[in-house]
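A.B. asks: Keeping the supplied structure of chain A fixed, place chain B upon it in accordance with the hints.
Protein chains: 2
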Amino acid sequence: MLKISDTLSEKKREFKPIEDGIVKIYVCGPTVYDLTHVGHARTYIAFDIIVRYLKYKGYRVKYVVNITDVEDKIIKKARELGISPFEVARMYEEDFFRVVEELNLLRADVYPRVTEHIKDIISVVGRLIDLGYAYVIDGDVYFRVRKFKDYGKLSKQKFEYMLAGARIEVDKRKEDPRDFALWKASKKDEPSWPSPWGPGRPGWHIECTVMALKHLGEQIDIHGGGADLIFPHHENEIAQSEAYTGKRPFSRFWLHTGLLTIGREKMSKSLYNIVPVVEFLKKHSADVLRFMVAQAHYRSQIDFSYEKIEELERALSRIYGTLERLRVTSMLRRVEEYKKDLEEEFLSKLKTMKKEFMDAMDDDFNTPGALSKIFEFIDYYERIVEKKEDSYIRSEHLRLAYYTMVELLREILGFKLEYEKLSRTTVQLLGILLEVREKLREKKMWSLSDAIRAELRKIGIEVRDTGYGPVWFYRPRLKAQR
Amino acid sequence: MLKISDTLSEKKREFKPIEDGIVKIYVCGPTVYDLTHVGHARTYIAFDIIVRYLKYKGYRVKYVVNITDVEDKIIKKARELGISPFEVARMYEEDFFRVVEELNLLRADVYPRVTEHIKDIISVVGRLIDLGYAYVIDGDVYFRVRKFKDYGKLSKQKFEYMLAGARIEVDKRKEDPRDFALWKASKKDEPSWPSPWGPGRPGWHIECTVMALKHLGEQIDIHGGGADLIFPHHENEIAQSEAYTGKRPFSRFWLHTGLLTIGREKMSKSLYNIVPVVEFLKKHSADVLRFMVAQAHYRSQIDFSYEKIEELERALSRIYGTLERLRVTSMLRRVEEYKKDLEEEFLSKLKTMKKEFMDAMDDDFNTPGALSKIFEFIDYYERIVEKKEDSYIRSEHLRLAYYTMVELLREILGFKLEYEKLSRTTVQLLGILLEVREKLREKKMWSLSDAIRAELRKIGIEVRDTGYGPVWFYRPRLKAQR
Numbered sequence: 001m002l003k004i005s006d007t008l009s010e011k012k013r014e015f016k017p018i019e020d021g022i023v024k025i026y027v028c029g030p031t032v033y034d035l036t037h038v039g040h041a042r043t044y045i046a047f048d049i050i051v052r053y054l055k056y057k058g059y060r061v062k063y064v065v066n067i068t069d070v071e072d073k074i075i076k077k078a079r080e081l082g083i084s085p086f087e088v089a090r091m092y093e094e095d096f097f098r099v100v101e102e103l104n105l106l107r108a109d110v111y112p113r114v115t116e117h118i119k120d121i122i123s124v125v126g127r128l129i130d131l132g133y134a135y136v137i138d139g140d141v142y143f144r145v146r147k148f149k150d151y152g153k154l155s156k157q158k159f160e161y162m163l164a165g166a167r168i169e170v171d172k173r174k175e176d177p178r179d180f181a182l183w184k185a186s187k188k189d190e191p192s193w194p195s196p197w198g199p200g201r202p203g204w205h206i207e208c209t210v211m212a213l214k215h216l217g218e219q220i221d222i223h224g225g226g227a228d229l230i231f232p233h234h235e236n237e238i239a240q241s242e243a244y245t246g247k248r249p250f251s252r253f254w255l256h257t258g259l260l261t262i263g264r265e266k267m268s269k270s271l272y273n274i275v276p277v278v279e280f281l282k283k284h285s286a287d288v289l290r291f292m293v294a295q296a297h298y299r300s301q302i303d304f305s306y307e308k309i310e311e312l313e314r315a316l317s318r319i320y321g322t323l324e325r326l327r328v329t330s331m332l333r334r335v336e337e338y339k340k341d342l343e344e345e346f347l348s349k350l351k352t353m354k355k356e357f358m359d360a361m362d363d364d365f366n367t368p369g370a371l372s373k374i375f376e377f378i379d380y381y382e383r384i385v386e387k388k389e390d391s392y393i394r395s396e397h398l399r400l401a402y403y404t405m406v407e408l409l410r411e412i413l414g415f416k417l418e419y420e421k422l423s424r425t426t427v428q429l430l431g432i433l434l435e436v437r438e439k440l441r442e443k444k445m446w447s448l449s450d451a452i453r454a455e456l457r458k459i460g461i462e463v464r465d466t467g468y469g470p471v472w473f474y475r476p477r478l479k480a481q482r
Numbered sequence: 001m002l003k004i005s006d007t008l009s010e011k012k013r014e015f016k017p018i019e020d021g022i023v024k025i026y027v028c029g030p031t032v033y034d035l036t037h038v039g040h041a042r043t044y045i046a047f048d049i050i051v052r053y054l055k056y057k058g059y060r061v062k063y064v065v066n067i068t069d070v071e072d073k074i075i076k077k078a079r080e081l082g083i084s085p086f087e088v089a090r091m092y093e094e095d096f097f098r099v100v101e102e103l104n105l106l107r108a109d110v111y112p113r114v115t116e117h118i119k120d121i122i123s124v125v126g127r128l129i130d131l132g133y134a135y136v137i138d139g140d141v142y143f144r145v146r147k148f149k150d151y152g153k154l155s156k157q158k159f160e161y162m163l164a165g166a167r168i169e170v171d172k173r174k175e176d177p178r179d180f181a182l183w184k185a186s187k188k189d190e191p192s193w194p195s196p197w198g199p200g201r202p203g204w205h206i207e208c209t210v211m212a213l214k215h216l217g218e219q220i221d222i223h224g225g226g227a228d229l230i231f232p233h234h235e236n237e238i239a240q241s242e243a244y245t246g247k248r249p250f251s252r253f254w255l256h257t258g259l260l261t262i263g264r265e266k267m268s269k270s271l272y273n274i275v276p277v278v279e280f281l282k283k284h285s286a287d288v289l290r291f292m293v294a295q296a297h298y299r300s301q302i303d304f305s306y307e308k309i310e311e312l313e314r315a316l317s318r319i320y321g322t323l324e325r326l327r328v329t330s331m332l333r334r335v336e337e338y339k340k341d342l343e344e345e346f347l348s349k350l351k352t353m354k355k356e357f358m359d360a361m362d363d364d365f366n367t368p369g370a371l372s373k374i375f376e377f378i379d380y381y382e383r384i385v386e387k388k389e390d391s392y393i394r395s396e397h398l399r400l401a402y403y404t405m406v407e408l409l410r411e412i413l414g415f416k417l418e419y420e421k422l423s424r425t426t427v428q429l430l431g432i433l434l435e436v437r438e439k440l441r442e443k444k445m446w447s448l449s450d451a452i453r454a455e456l457r458k459i460g461i462e463v464r465d466t467g468y469g470p471v472w473f474y475r476p477r478l479k480a481q482r
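Chains as they are written, first to last, in our numbering: chain A, 1 to 482; chain B, 1 to 482.
For reference, chain A alone in the conformation it holds in the complex:
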């Protein structure tokens, strides 16, 4: 049974979608005014895993991610660069989709753009005015917060705090300082569209209400985004949507990903420490970024550092090496001798790994818990290998372990699993080399035998001398280690 924690109710509750078998999920996407950075990637990867797991469980997932392609920051960037806001948007939207591709993110069903929904936005704003939830001043339209009595229910903010949160927008003309813009009268040299209130453009919050309505319906199952969007963005989205439809809740579950900090600071443009994904991928892999995300619960904060990335690369290499060892061992085996007890134990450990992995995922998408189950199985498998007992497990069972791990890692967690495969020739060469090394050890030629081990380590082969003889483990080099 899947349980999900919800920011609104502050409870972990059993997940049941509105329509049987279908999950409607809306995740706030990019404002396309700069390169996608690893902070954004954290949110997208976290929701990618959530969507993958829901699909794995058999749900038909309707997945919408909006693209904010007209907004203050885009207009500002366009002025800086001396190009049009539309060119800015197109340029960074391309970067976003490159990131979607390179980070192996499942594509959403729709990526609605604000500029392609202006008519829908005007219609929703008009209706909010008709219902008394909005008012017009000099071509601007504001949401009347006082009329929506539950305002603040998501962020649980005190009235004073909300004022502080809204401080940038202080405007004497507004009825209440918390009131926020649904429609903004156009200033000079800004993109604008005609409306009943004069030429203008949408406020930031209204688009998500409109796109969720249009592409998913009046009520949805899951609404997601970064924790920094809880207030004011998601608070305002609830107010707009529930005021418009008269139905509540707008979303059954509100999921928020924790912040990504660098040296404990929130990664944002103003701190001059952003790491664009395209830059990150020049030296590191998409899998290690995903691993960093999956190693934390989606609601937890992650502190980003290159030391942590390197540490994660070593752990990731251990996963890859285990997969490769399972694959080639099952492929190269000739004799089909086996030990029944050992096979039973192996299959039972494998089954336990899968079950506990699923249990962890069912518990509010506990990816660190799920990953720990994979590592427990790797620990067990390496103990068997050290005793050279893996040669007493039949190929079909080694293959089953390989495919089970690949299923969990690729299908649910979304890893690309790209690494240098071991060839038959490599494994055979390794066999020759380890035999030669044993001969040297018999003759007490320690310096040469140690040199062999040191050279092997450099190329990603770890040799352990056990009571059962030398044993190799593959540790494929990742991009950064090249």
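Keep in mind that the hints were calculated from the coordinates and are not lab data. These numbers come from a predicted model, not from an experiment. Treat the hints loosely; a few may be bogus.
With a Cα cut of at most 30 Å, we get these calculated DSBU-like pairs of lysine-lysine [what the hints assert, rightly or not]:
1) A/K458 / A/K387
2) B/K416 / A/K421
3) A/K458 / B/K388
4) A/K388 / A/K355
5) A/K282 / B/K76
6) B/K172 / B/K147
7) B/K444 / A/K439
Simulated restraints, written as ranges between beta carbons of each label pair [to be verified]:
8) A/E411 / B/R90: 36 to 42 Å
9) A/R399 / B/R90: 35 to 41 Å
10) B/K308 / A/E418: 40 to 46 Å
11) B/V406 / A/M1: 52 to 58 Å
12) B/R383 / A/E418: 36 to 42 Å
13) A/E418 / B/K354: 34 to 40 Å
14) B/E345 / A/I83: 51 to 57 Å
15) A/G369 / B/K421: 52 to 58 Å
We put the CB at the ideal spot given by N, CA and C, even for glycine.
C.D. replies: Then chain B, alone, in the frame of chain A:
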């Protein structure tokens, strides 16, 4: 300038197609009554290389291969198996297309089936009767050989010999013993179609005339087939086609592949020594079969034996190993030191190889000559490697050599080039192993250093000790050696 030898004129002549830039080629395809054997494969592969070369030279090639799906042998086989002739045809047609796929044969533009051209055949036969080139007896239609005054021009057969060739068909009703059936009145339990001369089915020869006419036009550039088809099949085809159109020549060039013998006997069903392609491919590769074909001129006889196949596998492995060595060396190089003189020599040898390869192909598709140019380059390259001089050729030039060889071998000769690739780890392991072996040789530990060499040989690595130190050559194992 491409020169092609022609069975009809018995001359090697410059090739010029009828229409500029377009080559119309018709090759006699299978009678689908049994598994495709290596004798058939020899013909198909030879013409595949010819078509590939014509395409490489920039011609648009219109390539037709017919499928004889109603014929005496099919009817006989159907009686033996107790199924319908159509089922027999369908079954062996499937085998034929599997062979096309597995032997990497370029697909023809059309594979016309006889049973789908009955109306066209009836119309051509009717016209031949109208023209006085054919006559009807009891529902059979015969071609009137005496009326076609050039009869025998292709096969240069003496009249008496032709009688012997036609001995099976001796029939007192015929005007001339050489006359052959265009249409056969149906016997009991035979497939038949209605016709102006009563129910019947086409004779074997007429289909090729009709299909060439329909799919390529009244005159074609190249007509191909096995040498066993020269008489009577192709002789009859010329008589029918030229009688029908009044135009000559029916085909500008007649190309015939030599026979494939096993222990010097023609491979045919009656000799009980056929080797079906599907059987051959269980133990050997498509590439080695193609290599056997390309090692002989298309007009030469080939004697098939497994000893020869094994010998060819060793030579093929040397080609593969050279490609892999070029590929990985160019990939793994770090330092870009180089020797100018050496590079110039290397590039000049490469250029010579390509030019002489093309010259050989231009000389009546002389594939053995073309292959010998590849081996001359391999000899040269191995001499460089033995002196460890390949490390003084820049990656881009090693890569150029790799891609040039791949172009000639894959694009023109049609090799699949499937073999175990060398990985970076393999090459690095090999480096460690050879260094250890050198240390052992310094300490005069001969038995261990010899054992290393012997073990390496078993897994497809040949080590040569040269004046410049030990050098490895890769000899990937082929299917048969597994």
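A.B. asks: Could you work out which earlier hints the structure fails to respect and list their numbers in ascending sequence?
C.D. replies: When the structure is compared with the hints, numbers 5, 15 turn out to be violated.
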